[in-house]
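There are 4 protein chains.
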Amino acid sequence: MTKTSVAIVGATGYTGVEILKILLRHPRVQVTSLTAKVEGTIRIQDEFPELKGTVAMDCSAVNVDEVCRKAEIVFLSLPHTVSMQFAPAFLQAGKKVIDLSADYRFSRPEEYEKWYGAPHTDPEGLSRAVYGLPELFREKVKKARLVANPGCFPTGAILGIYPAARAGLLASPEAIVDAKTGVTGAGRKASLPLLFPEVNENFKAYNLATHKHTPEIASILGAALGREMTIEFAPHLLPVNRGILSTIYLKLAAPTTEEEVIGIYQRQYGNEPFIRVYSKGSLPQLKEAAGTNDCLIGIAVNPRTRNLIVVAVIDNLLKGAAGQAVQNMNIMQGWGETEGFR
Amino acid sequence: MTKTSVAIVGATGYTGVEILKILLRHPRVQVTSLTAKVEGTIRIQDEFPELKGTVAMDCSAVNVDEVCRKAEIVFLSLPHTVSMQFAPAFLQAGKKVIDLSADYRFSRPEEYEKWYGAPHTDPEGLSRAVYGLPELFREKVKKARLVANPGCFPTGAILGIYPAARAGLLASPEAIVDAKTGVTGAGRKASLPLLFPEVNENFKAYNLATHKHTPEIASILGAALGREMTIEFAPHLLPVNRGILSTIYLKLAAPTTEEEVIGIYQRQYGNEPFIRVYSKGSLPQLKEAAGTNDCLIGIAVNPRTRNLIVVAVIDNLLKGAAGQAVQNMNIMQGWGETEGFR
Amino acid sequence: MTKTSVAIVGATGYTGVEILKILLRHPRVQVTSLTAKVEGTIRIQDEFPELKGTVAMDCSAVNVDEVCRKAEIVFLSLPHTVSMQFAPAFLQAGKKVIDLSADYRFSRPEEYEKWYGAPHTDPEGLSRAVYGLPELFREKVKKARLVANPGCFPTGAILGIYPAARAGLLASPEAIVDAKTGVTGAGRKASLPLLFPEVNENFKAYNLATHKHTPEIASILGAALGREMTIEFAPHLLPVNRGILSTIYLKLAAPTTEEEVIGIYQRQYGNEPFIRVYSKGSLPQLKEAAGTNDCLIGIAVNPRTRNLIVVAVIDNLLKGAAGQAVQNMNIMQGWGETEGFR
Amino acid sequence: MTKTSVAIVGATGYTGVEILKILLRHPRVQVTSLTAKVEGTIRIQDEFPELKGTVAMDCSAVNVDEVCRKAEIVFLSLPHTVSMQFAPAFLQAGKKVIDLSADYRFSRPEEYEKWYGAPHTDPEGLSRAVYGLPELFREKVKKARLVANPGCFPTGAILGIYPAARAGLLASPEAIVDAKTGVTGAGRKASLPLLFPEVNENFKAYNLATHKHTPEIASILGAALGREMTIEFAPHLLPVNRGILSTIYLKLAAPTTEEEVIGIYQRQYGNEPFIRVYSKGSLPQLKEAAGTNDCLIGIAVNPRTRNLIVVAVIDNLLKGAAGQAVQNMNIMQGWGETEGFR
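Chains as they are written, first to last, in the working numbering: chain Y, 1 to 342; chain F, 1 to 342; chain G, 1 to 342; chain S, 1 to 342.
No lab work stands behind these hints, which were simulated from the structure alone.
Computed from a predicted model, the values in this text were never measured in an experiment.
A hint or two may mislead.
The list cannot tell twin chains apart, which means a pair is met if one copy fits it or any two copies do.
[Said to hold, decoys possible] Think about it this way: if two alpha-carbon atoms lie no more than 30 Å apart in a straight line, the pair counts; the simulated DSSO-like pairs of lysine-lysine are: (1) Lys-251 x Lys-189; (2) Lys-280 x Lys-70; (3) Lys-52 x Lys-114; (4) Lys-251 x Lys-70; (5) Lys-280 x Lys-212; (6) Lys-95 x Lys-142; (7) Lys-21 x Lys-3; (8) Lys-251 x Lys-143; (9) Lys-70 x Lys-212.
Kindly generate the complete structure, drawing on both the sequences and the hints.
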């Protein structure tokens with residue numbers, strides 16, 4: 001079997017190295033290029049010693065022509081506004097691009113500009129990009145050349161809200177998403193508030209009412225449902241390395257049992273290889289998703305308040321970033337969706 | 001100055017030892033009796049080596065007569081249903097009792113029985129007990145002989161909701177309390193789910209829609225406001241030792257600014273020695289309350305959704321238990337409310 | 001390819017479930033029996049929800065005849081003194097047995113009895129058992145029917161000391177092993193000192209001068225080297241889930257450079273699939289071994305004190321227990337030694 | 001009572017703020033000046049929100065004249081090489097100076113220059129400075145105008161070794177100090193290796209054979225004992241916020257019991273307000289020192305190896321830095337040594 005050549009642009013972040021780790025186990029690809037914002041050339045196993053013995057590759061500053069010569073598929077694991085500087089060249093060279101930044105997640109450039117505070121420099125790319133949440137948009141991903149990989153928070157939130165909203169269970173289009181994330185979600189950058197003594201034995205809410213993932217959740221749900229939703233998104237920082245647990249509050253239109261709601265979710269996601277809906281009385285915990293590409297969903301109904309509470313758990317670096325990116329690659333290439341994972 | 005003698009019944013739990021630590025620094029009291037469910041007699045400093053050098057006291061099984069001979073004030077740090085077996089005898093002997101269990105928190109025995117699944121064996125005590133949340137019921141606490149010390153979750157939730165509800169800001173009587181607690185909140189008992197490897201690098205929701213603190217929050221707010229509130233209470237377990245952060249979602253009746261809401265909270269709590277309302281743009285973090293008897297309150301308003309989000313933080317062992325118990329003692333005795341703390 | 005049937009006796013501990021997880025990925029085996037000290041029959045995925053979706057197996061109390069009918073290879077993941085109650089029957093039935101307790105690690109029953117305080121009830125098994133540290137005893141493991149899988153602490157300590165001692169580098173037969181272990185090393189049992197609040201933000205030495213792994217390290221090194229060694233073994237408890245880092249202090253007989261020592265270790269272990277000797281100036285960290293079956297070794301030489309310091313790191317549940325057990329199975333069966341791992 | 005005015009130069013680090021917290025509770029001093037390397041003027045309670053409600057002070061860049069006008073005692077909580085730029089001016093202005101850097105810890109400038117790689121620019125100050133370990137040098141501290149506050153690692157190591165060495169128990173002048181520190185020991189600076197995900201669930205040795213605290217331990221012990229000692233110092237990084245536990249290995253000259261050794265340590269430190277020697281069979285744990293200015297010492301003797309193992313535990317920010325600095329101030333001023341602590 002000839003292996004497909006793959007490049008990772010931005011290989012020294014938590015997400016970039018996670019893509020690398022999955023691809024090293026993937027039977028159909030060969031990683032042929034690692035680049036990042038580095039001085040000169042480093043050996044990736046010096047930066048991440050756990051790679052020693054499994055990989056011996058150099059990583060240097062990105063050179064678009066060289067990446068194009070070496071690879072057919074390009075993962076962009078770059079900060080917002082940087083991705084859209086690189087994506088057009090790779091697309092023009094005929095490469096398939098999976099972008100993990102927010103740059104191609106919005107259909108309208110104005111919305112991007114409003115929330116990210118920067119002009120969008122590649123509206124053409126934006127118009128071609130497909131939002132890579134396979135459980136909602138698999139058919140579009142199959143044909144995409146540019147996939148906008150979803151944000152970590154939106155992945156769990158959207159998958160947790162969609163079935164109830166689609167089934168017409170809700171009394172209102174409002175959802176409260178109280179999300180708690182591990183620290184790798186903030187990226188790998190030297191920063192006082194991310195030092196161990198600041199995070200350990202601590203917990204905090206941040207960016208209430210203003211977090212940039214809010215419009216992503218709302219607009220993607222709107223596109224999938226064909227109607228607007230109003231999202232209150234409240235992120236919190238957990239003293240753990242990995243994982244996001246979102247507790248989602250929805251108001252039921254009519255009395256509904258837990259069994260009925262669980263049935264609706266199970267029918268929605270019954271064939272999904274990476275979603276597990278928990279049975280009655282059982283809720284997913286953070287560690288049950290850690291290290292997997294799964295989204296775990298638990299359901300509670302409070303008949304007294306008529307609230308539906310959905311608990312959605314993912315590993316922020318896998319289903320929330322690198323894992324979903326590889327899942328998207330598998331779909332774009334027509335490969336088995338779970339290849340590289342099991 | 002003659003010191004007042006104090007007994008701690010249930011001294012070997014996380015809360016009991018915390019009461020002891022505060023009282024050791026308290027200028028007006030002398031701890032004269034430590035008892036707990038132990039075999040024979042232990043030395044408390046063997047159980048909690050951090051006490052070595054500061055205390056040398058024995059702790060043995062509770063003997064009511066002996067405790068009555070030794071102490072004028074009795075703290076009951078006992079499990080639910082056990083407290084009400086002991087409280088009547090101490091009251092009859094003329095002691096002031098501060099009970100940290102749930103046994104005396106409800107005005108109606110039926111509510112206790114419904115949520116705690118056990119008959120209430122001391123309805124007379126129940127009718128005399130005062131709910132010891134000083135910020136709402138200080139005048140009653142002053143005259144109380146039996147104080148029901150609030151639960152850890154209800155303390156932050158009630159203090160976070162009350163000013164907005166009282167000021168008529170809310171569109172509905174509904175509140176969602178998404179609470180996250182450190183592990184000492186579960187008490188000090190050998191239990192598989194509380195082992196380090198089960199909690200560390202993990203996070204979970206539990207008892208959704210059914211937690212026993214739900215009716216406590218609702219009934220106390222109802223009593224203070226003179227009207228019913230509906231509470232959705234969702235507790236989560238954090239991998240930290242101490243602290244509770246509650247994120248509270250309320251719907252505003254009319255557009256209101258953050259400044260206006262903060263002003264209302266600051267006026268409500270302006271003279272409170274143990275409440276700090278944060279200024280605009282600043283939210284309290286868990287570690288800022290750890291080790292203190294303070295309740296920290298932060299306010300965010302989302303004009304897009306018209307939600308008011310209140311973040312309330314306490315140390316579950318202090319303002320959520322032992323600290324508030326000592327604060328209540330100070331009030332019952334007519335002492336300075338902050339004595340023993342600063 | 002016909003798969004070999006395997007049983008895990010003691011499947012509900014941290015080690016037992018780890019064996020299961022490796023075997024589920026192993027191409028040559030089929031797990032056909034899970035047993036443990038349980039009431040009735042449980043589903044293993046209810047006990048360990050991370051298994052949901054990958055396994056659906058029952059686990060019930062051990063019945064020797066039934067295990068013998070179902071499996072050709074038996075892993076015993078049982079407490080000390082319990083293993084030797086079961087091993088004889090499985091051996092008699094012609095099964096290959098890999099025992100993870102200490103019951104078969106000593107050549108002389110008296111030594112076992114002295115340190116474990118219990119009579120040895122299967123001296124015949126003891127005389128046939130092979131100590132399953134492949135890097136020292138691979139040829140014997142190939143022919144073994146009963147393998148005594150090494151203790152977690154001895155694995156790193158022995159692998160860290162052996163090359164220097166064998167090469168005659170040492171001035172004396174003494175070694176100090178200052179070892180630090182994650183909490184899963186203590187097993188999965190409800191116990192006050194292993195509660196999250198007791199371990200978190202804490203660190204302690206324990207069993208100084210008396211830990212039962214001391215004679216195991218000394219006697220195995222003695223057998224491999226043909227001469228006695230004196231071991232000071234000092235274990236400590238780390239607030240992490242997994243991993244052991246041992247800092248080993250040895251006195252050099254003559255001035256020796258780091259390069260020379262590293263060369264000796266690399267020659268000793270050059271062909272070992274599961275050992276990585278770090279290059280000069282680089283020391284292994286705990287997380288670099290976590291999740292792998294590797295033993296990582298770093299070397300520092302202090303010319304001022306003439307001390308050789310060896311840092312040896314393993315994952316206590318893998319190379320320190322379950323992983324090494326599967327490695328031993330692979331060797332016993334004549335399979336590729338890394339099958340199931342990569 | 002007139003309060004003595006005190007300045008903290010370097011108030012925004014973990015140590016600086018810890019000095020501030022102790023002094024806020026100290027009955028005899030008034031903090032009159034906070035300075036640090038900051039742009040413009042910040043409010044210290046904005047940097048450390050846990051100070052809100054207890055202090056309202058500005059912090060700006062250091063101006064020596066202004067500090068001299070405001071304060072009689074100056075704490076220098078500055079990086080190495082920076083302290084000696086400031087100390088001379090404060091001394092010349094007649095202030096008492098307590099320096100927490102390494103700049104004044106060595107008697108010979110050459111030793112400083114060898115290990116710190118920088119020329120010493122204040123040899124005169126060096127000759128006047130007193131090493132501020134009260135348990136060994138209390139009489140000198142009483143008369144000092146410039147105190148060199150000990151390093152965090154040397155404090156526990158020296159206090160742990162000194163009694164055994166002084167009593168002539170040791171077979172050789174060699175000591176191995178295997179030390180494990182919490183992360184605040186590294187200071188409060190943005191740095192990739194100190195990020196939460198790098199430290200959490202990890203553990204590592206660092207600077208083996210080369211750490212700069214090695215000569216401090218050796219030279220101070222040499223000065224106190226009147227003979228040289230050889231120190232192997234091996235620091236490790238723990239995933240906790242606070243505390244240092246040092247496991248110290250010493251070889252006994254003759255068979256000695258634990259009781260005998262404990263007796264020697266208790267006689268040495270019997271009157272010390274901040275040292276607690278544990279009784280036979282009991283070892284100090286990290287959390288037992290956290291939040292205190294105590295040094296806790298536990299003793300184990302291994303008759304088989306004739307090793308004496310001393311476990312010494314301190315809070316690195318208190319007895320290892322800020323607490324000991326205040327203790328030194330109390331001694332220099334002739335105040336009660338425990339004032340501000342209890």
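- Any hints this thing doesn't respect? Which numbers, in order? Violated hints (numbers, rising): 1, 2, 3, 4, 8, 9; every other hint is consistent with the structure.
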